[in-house]
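Participant: Residue numbers (this note's numbering), protein chains in the order written: chain A, 262 to 611; chain B, 6 to 106; chain C, 55 to 142.
To be clear, the hints were calculated from the coordinates, so they are not data collected in a lab. Among the clues, some could well be false.
Calculated Cβ distances over 12 Å to all of chain A for the following chain B residues [unchecked claim]:
{"hint": "1", "residue": "Thr7"}
{"hint": "2", "residue": "Asp10"}
{"hint": "3", "residue": "Leu18"}
{"hint": "4", "residue": "Ala43"}
{"hint": "5", "residue": "Asn49"}
{"hint": "6", "residue": "Leu74"}
{"hint": "7", "residue": "Ala82"}
{"hint": "8", "residue": "Thr84"}
{"hint": "9", "residue": "Cys87"}
{"hint": "10", "residue": "His88"}
{"hint": "11", "residue": "Gln92"}
{"hint": "12", "residue": "Pro101"}
{"hint": "13", "residue": "Ser104"}
{"hint": "14", "residue": "Pro105"}
{"hint": "15", "residue": "Lys106"}
Quick look at which bits of chain C chain A covers, simulated, 3 or more residues with Cβ under 8 Å [claimed, not checked]:
{"hint": "16", "stretch": "90 to 100"}
{"hint": "17", "stretch": "116 to 125"}
Glycine is no exception: its CB is placed at the ideal position from the N, C-alpha and C atoms.
Take a look at the letters that make up each chain.
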Amino acid sequence: MTGILELFDATLALTLVGIAVGVLFARDLFQSIVLFIAFGLLLAIAWCRLQAVDLALAEAAIGAGLTGALFLNALASTKQNSDDRDTLNQQTGHRPSKPALERLPARGIPRWAAPLTFLLAVGLVAAWLISIVAPLANPSVAPQIAEDKGIIQGGVTNPVTAVLLNFRAHDTLLEVVVLLVAVLATLAFAVSTERERSASPASPVLASFVALIVPLMVLVAAYVLWIGTKAPGGAFQAAALLAATGVLIMVAGGRPPSCALLRWRIVLVVGLATFLAVALGGMLGGRFLEYPPSWAGGLILLIEATLTVSIAGILITLFGATWSAGDPGAASHAGDTLATPTTDPSGNTP
Amino acid sequence: MTIVDWFSCGSLLFGAFFFLAGTVGMLRFPDVFTRLHALTKADNLGLGLVVFGLALQADTWVVVARLFLVWGLIMLASTTCCHLVAQAALRAGISPWRSPK
Amino acid sequence: MNELVLCVALFLLLNVAAGLIRVWLGPTAPDRMLAAMLFGTTGAAILLLLAEGLSMPSLRDVAIVAALLASISTVVFVRRWPISSSQD
Chain A
262 MTGILELFDA
272 TLALTLVGIA
282 VGVLFARDLF
292 QSIVLFIAFG
302 LLLAIAWCRL
312 QAVDLALAEA
322 AIGAGLTGAL
332 FLNALASTKQ
342 NSDDRDTLNQ
352 QTGHRPSKPA
362 LERLPARGIP
372 RWAAPLTFLL
382 AVGLVAAWLI
392 SIVAPLANPS
402 VAPQIAEDKG
412 IIQGGVTNPV
422 TAVLLNFRAH
432 DTLLEVVVLL
442 VAVLATLAFA
452 VSTERERSAS
462 PASPVLASFV
472 ALIVPLMVLV
482 AAYVLWIGTK
492 APGGAFQAAA
502 LLAATGVLIM
512 VAGGRPPSCA
522 LLRWRIVLVV
532 GLATFLAVAL
542 GGMLGGRFLE
552 YPPSWAGGLI
562 LLIEATLTVS
572 IAGILITLFG
582 ATWSAGDPGA
592 ASHAGDTLAT
602 PTTDPSGNTP
Chain B
6 MTIVDWFSCG
16 SLLFGAFFFL
26 AGTVGMLRFP
36 DVFTRLHALT
46 KADNLGLGLV
56 VFGLALQADT
66 WVVVARLFLV
76 WGLIMLASTT
86 CCHLVAQAAL
96 RAGISPWRSP
106 K
Chain C
55 MNELVLCVAL
65 FLLLNVAAGL
75 IRVWLGPTAP
85 DRMLAAMLFG
95 TTGAAILLLL
105 AEGLSMPSLR
115 DVAIVAALLA
125 SISTVVFVRR
135 WPISSSQD
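So that you can see chain A by itself, here it is in the shape it has in the complex (with noise of 0.2 Å):
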């Protein structure tokens, strides 16, 4: 039995360095993505047999399933756009003269935007002064880990929920700001969502395939962000299933979310917003980032609940943010859609 498991392993590495390997060299980006969803997929069953099932639910659900559709929508639109702009100009005989973020309106700025953004770096710069005189918490975690009543200290009994939420809470506060800001930035170079969106039908057994499968991915998501507190898990897996469906939605003609509603902003920072009021509410009874001991179960769910509902909601507005239902005429007539930008890009939250 031992000589098959090391057989499996051996294919396994094998065939994963392969494929690093041709994601590298392949001959166009198009290969490159099937090759790295294959990775994807691999690498899961690789956690698998290194007992990491966290990790392999992570890997199942971003790396072999939204990765590939973000950048296979991600590769689409950087041909589109550059075709759109051959087409400009070789309509017009010229480069289009304002380049599309100059035409990004400016109103929703309040005047005190820039102090406050100024005031908070030099508050992050403060407080990483004062964390170099004296250290906030423990930083290590093994020697809690390792006795079994370290991990009921921690309020879960899934070991790697303790670690993220509880021991090592900072990193992933920390990984949800990083989050957010690449949101930010994408939204920032989003050129395509000022673009009229030319809709073509989905084919009707896109819509029933979505209409079976969205509730059911909801329902696993639940499941899994439930089933994180006391096995394999959590807030990141259930929030790559949800925002699966939203995917999902916009590719069976749903419209991207806008960033201009306010409900959708609220979604997107509100898991942040409860992190760091648990973690400042922390403070109040002992250091920042810490949990009462006999809520931490509760409060540790509380926080994924509400971080799986912002992680989801950034991650559909990746997708969306470049979404647009090709068909193959887009590009011919995309010199008209250009030069008439929706003015209001209002949509629905999906």
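Following the hints, put chains B and C in place on chain A, whose structure we already have.
Facilitator: Then chains B and C, alone, in the frame of chain A:
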């Protein structure tokens, strides 16, 4: 080994055979439409047989339900994708292969 | 019994490796996408077999998630392809 074990073994081996058939078909068939045919029929049957073989060894009904849920989901996904890919390929002007006479 | 389950898992892994040849050969984009569909189906089967063979029941959850998301990249692909200039 009990008789259930024998059935389970047989089912797993048949499943592996159909997976092999699907892969060979995908590598050897001449165009995208025939390859779709090999992939979405043979592989789904292979998965079904593997699921059946594993379900015979399962301890609880919950495990059986999960196994068949995976099969159902994969069948749903691959039938839909098969139709969509074939449609997209036709629209893109890929003409189906015809036997040279 | 477990030996057989793991043998089948290994065999399916070799199937995935063989499927990579189709990604390399192409020749059209749908051909390459087909290979991704093969990986989804075979990957789910491998996960289920490992769950049984290694007695790790939580791998069945991984298989369910993989099966749910097996279609998403293909669906996005067919809605964004062909892209005017490049037929591949």
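Participant: Next, verify each hint and record whether it holds.
Facilitator: Consistency of the hints with the structure:
1. Thr7: Non-interface label stands for Thr7(B): nearest chain A Cβ at 20 Å, farther than 12 Å.
2. Asp10: 16 Å, holds
3. Leu18: 15 Å, holds
4. Ala43: Its Cβ never comes within 12 Å of chain A, the nearest being 18 Å, so this holds.
5. Asn49: At roughly 15 Å from the nearest Cβ of chain A, Asn49(B) sits farther out than 12 Å, so the non-interface label holds.
6. Leu74: Nearest chain A Cβ is 9 Å from Leu74(B), so the label is violated.
7. Ala82: At about 8 Å from chain A, Ala82(B) fails to clear the 12 Å cut-off, so the statement is violated.
8. Thr84: 8 Å, violated
9. Cys87: Incorrect as stated: the minimum Cβ-Cβ distance to chain A is 10 Å, not above 12 Å.
10. His88: 5 Å, violated
11. Gln92: 6 Å, violated
12. Pro101: 19 Å, holds
13. Ser104: 29 Å, holds
14. Pro105: 28 Å, holds
15. Lys106: 32 Å, holds
16. 90 to 100: Contact hint for the stretch 90 to 100 of chain C vs chain A: holds, 5 residues under 8 Å.
17. 116 to 125: Result for this restraint: holds, n = 8.
The structure shown violates the earlier hints numbered 6, 7, 8, 9, 10, 11.
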